[in-house]
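Let the sequences and hints guide you as you build the complete structure.
Just so we're aligned, residue 1 is where the sequence shown starts under this note's numbering, counting upward by one.
The reader is advised that the hints may include incorrect statements.
Said to hold, decoys possible - Result set (DSS-like, lysine-lysine): computed pairs, CA atoms no more than 27 Å apart in a straight line: (1) K227 - K328; (2) K328 - K262; (3) K27 - K114; (4) K104 - K63; (5) K63 - K119; (6) K328 - K372; (7) K124 - K277; (8) K114 - K222; (9) K114 - K63; (10) K277 - K388; (11) K104 - K199; (12) K124 - K151; (13) K297 - K119; (14) K300 - K262; (15) K124 - K114; (16) K198 - K277; (17) K151 - K198; (18) K409 - K328; (19) K198 - K104; (20) K114 - K198; (21) K199 - K124; (22) K151 - K119; (23) K222 - K119; (24) K328 - K222; (25) K222 - K263; (26) K262 - K227; (27) K198 - K124; (28) K263 - K300; (29) K263 - K297; (30) K104 - K119; (31) K277 - K199; (32) K263 - K227; (33) K297 - K372.
To be clear, the hints were calculated from the coordinates, so they are not data collected in a lab.
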Amino acid sequence: MNKRISVFKLALLLILPLTVFSQSDFKISGEFRVRTELDGRDFLNRTYPQSFTALRARLAFEKSINEHINFFLQLQDSRVFGEEKSTLTSLANIDLHQGYVICKDIFDTPFYLKFGRFKLAYGKNKLFGPNDWHNVGRSHDGFVVGYNTPKTNFDIFWTTHTNFMNYRAGAARVYQNYNYSEAPADTGFNILGFYYTKKFADAFTHELIAYYEYDRSRPNGKDMHLKRYTIGTALEFNSQYLPISSRVEFAYQGGTITLAQKKDISAFMVLATVQYKTDNFTVSLNADINSGGDPLKTNKYKLFDNPYSTKHNFQGYMDFFTGLSDTKFTTGIYGLNDYFLRLIYIPFKNFNIQLDGHYFTTFTSFVDSQGKEISNYGPEVDLVLRYKLYEALELEWGSGIFLAEDVMKELYGTIPGRNGITNFDPAFWTYLQFNIRF
Numbered sequence: 001m002n003k004r005i006s007v008f009k010l011a012l013l014l015i016l017p018l019t020v021f022s023q024s025d026f027k028i029s030g031e032f033r034v035r036t037e038l039d040g041r042d043f044l045n046r047t048y049p050q051s052f053t054a055l056r057a058r059l060a061f062e063k064s065i066n067e068h069i070n071f072f073l074q075l076q077d078s079r080v081f082g083e084e085k086s087t088l089t090s091l092a093n094i095d096l097h098q099g100y101v102i103c104k105d106i107f108d109t110p111f112y113l114k115f116g117r118f119k120l121a122y123g124k125n126k127l128f129g130p131n132d133w134h135n136v137g138r139s140h141d142g143f144v145v146g147y148n149t150p151k152t153n154f155d156i157f158w159t160t161h162t163n164f165m166n167y168r169a170g171a172a173r174v175y176q177n178y179n180y181s182e183a184p185a186d187t188g189f190n191i192l193g194f195y196y197t198k199k200f201a202d203a204f205t206h207e208l209i210a211y212y213e214y215d216r217s218r219p220n221g222k223d224m225h226l227k228r229y230t231i232g233t234a235l236e237f238n239s240q241y242l243p244i245s246s247r248v249e250f251a252y253q254g255g256t257i258t259l260a261q262k263k264d265i266s267a268f269m270v271l272a273t274v275q276y277k278t279d280n281f282t283v284s285l286n287a288d289i290n291s292g293g294d295p296l297k298t299n300k301y302k303l304f305d306n307p308y309s310t311k312h313n314f315q316g317y318m319d320f321f322t323g324l325s326d327t328k329f330t331t332g333i334y335g336l337n338d339y340f341l342r343l344i345y346i347p348f349k350n351f352n353i354q355l356d357g358h359y360f361t362t363f364t365s366f367v368d369s370q371g372k373e374i375s376n377y378g379p380e381v382d383l384v385l386r387y388k389l390y391e392a393l394e395l396e397w398g399s400g401i402f403l404a405e406d407v408m409k410e411l412y413g414t415i416p417g418r419n420g421i422t423n424f425d426p427a428f429w430t431y432l433q434f435n436i437r438f
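As structure tokens, then:
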């Protein structure tokens, strides 16, 4: 709580001297988002759908210190209506969502340095994205060294996912931190990587990305949890003179992962998109392939895992597949194929309609509890309407329906509350969102 109070005090220190800053070197921006959801994603209509309203408020301050240095700070409060359980309590919930400094044009070159807490968003967010649909959103603590020109961008990033020790103000005391005969094991988690993109021939963009995840916790008491590398590339064609565009992404993962035992990783991902766009209509065909494997048939870990992506944009708005690597998602290890059609229609200014049709399968088939070989999760259809009522206020309504097939029935067939019920009703979900940005 003391850290959150300190963040609030820092914000006040920034607000109070506003009169000394001109509009050209000091900016304030913000977001206020409220979303009510009705959740019937259990495939059982005899149960009551759950309902809640989530609120997210962000306030950001940006100061241009000089022509080379920019300071940015963004505070955030995220909550659910009624979470305090009283009208006289407080969640003490203000946190630092982003806070960083950018040093640009170092030594009068295109190099820059960014350090602090920030978002990483690369390409189409398939591997690294802010995941802003979530009520908190994703931020990283670390450093970025980059090179930026109109046609070429190159970033090297190093982030701390998990730190294994708290802040130390002075020299260690033997009884306070550890005895010197055996220092505590390093159980931290870091990510090191680079991203490169280059535009050429006006219509083409090429991307390269590679990163290494190093989680030094030891689930089995001996082997480190994760030593995984990911190498990926993408090629996009998008010409201002043609209505057709396309994009292909590929990534491979190797290394080792330890759950109950240590395993070698061998996994891959392919995302392919072909799109046709006119002034008020867009249609795209997409295939999102994420490898997996049957543990009974292979000793390797074959699930492609991209935990820092924005999966809500790709694998269905109902978010059934955001946690494939979670051990509770018992069919996740078999991977995921998502084939989907996306239609976007703009009937008039400030209003658009989006319709997505998905069909999900596992990457590899497997034998279910009844001895049957299965691979189909089933279809999902999502409809989203967006209307910008004013320049700063957007209204959004969306709804989705999912029809369970064999794999989804295997996954949800034993959840508490079913009590032997074998029929699966269509799962549904809907929301209404108000979002103000300034």
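So if I understand the rule, the pair passes when the alpha-carbon distance is 27 Å or less; does K297 with K372 pass? 16 Å, holds
TODO: Would you check the hint for K104 and K199, treating anything up to 27 Å between C-alpha atoms as holding?
DONE: The hint holds at about 21 Å.
Is K63 close enough to K119, meaning Cα to Cα at most 27 Å? Roughly 18 Å separates the two Cα atoms, so the pair holds.
- Item | Given pair status - K124, K199, alpha carbons within 27 Å | This hinted pair holds, its Cα atoms lying about 15 Å apart.
Is the hinted pair K409 and K328 satisfied, with a Cα-Cα distance of at most 27 Å? 15 Å, holds
task = Take a quick look at whether K198 and K124 sit within 27 Å of each other, Cα to Cα.
result = Roughly 15 Å between the alpha carbons, so the hint for K198 and K124 holds.
- With a cut-off of 27 Å on the C-alpha distance, tell me whether K262 and K227 pass. Status holds; Cα separation ~11 Å.
Hinted pair, alpha-carbon criterion (27 Å max): K27, K114. Please report holds or violated.
Between K27 and K114 the Cα gap is close to 19 Å, so the pair holds against 27 Å.
Please verify whether K328 and K222 have alpha carbons no more than 27 Å apart. Given that 27 Å is the threshold and the Cα spacing comes to 23 Å, the pair holds.
Check your understanding: Is the hinted pair K263 and K227 satisfied, with a Cα-Cα distance of at most 27 Å?
Key -> 10 Å, holds
Margin query: Next pair to validate is K124 with K277; report whether the Cα-Cα distance is within 27 Å.
Written below: 18 Å, holds
* **Holds or violated: K277 to K199, with C-alpha atoms at most 27 Å apart** => Holds - the C-alpha atoms of K199 and K277 are around 21 Å apart, at most 27 Å.
Against the hints set out earlier in the document, violations occur for numbers 8, 13 and 23.
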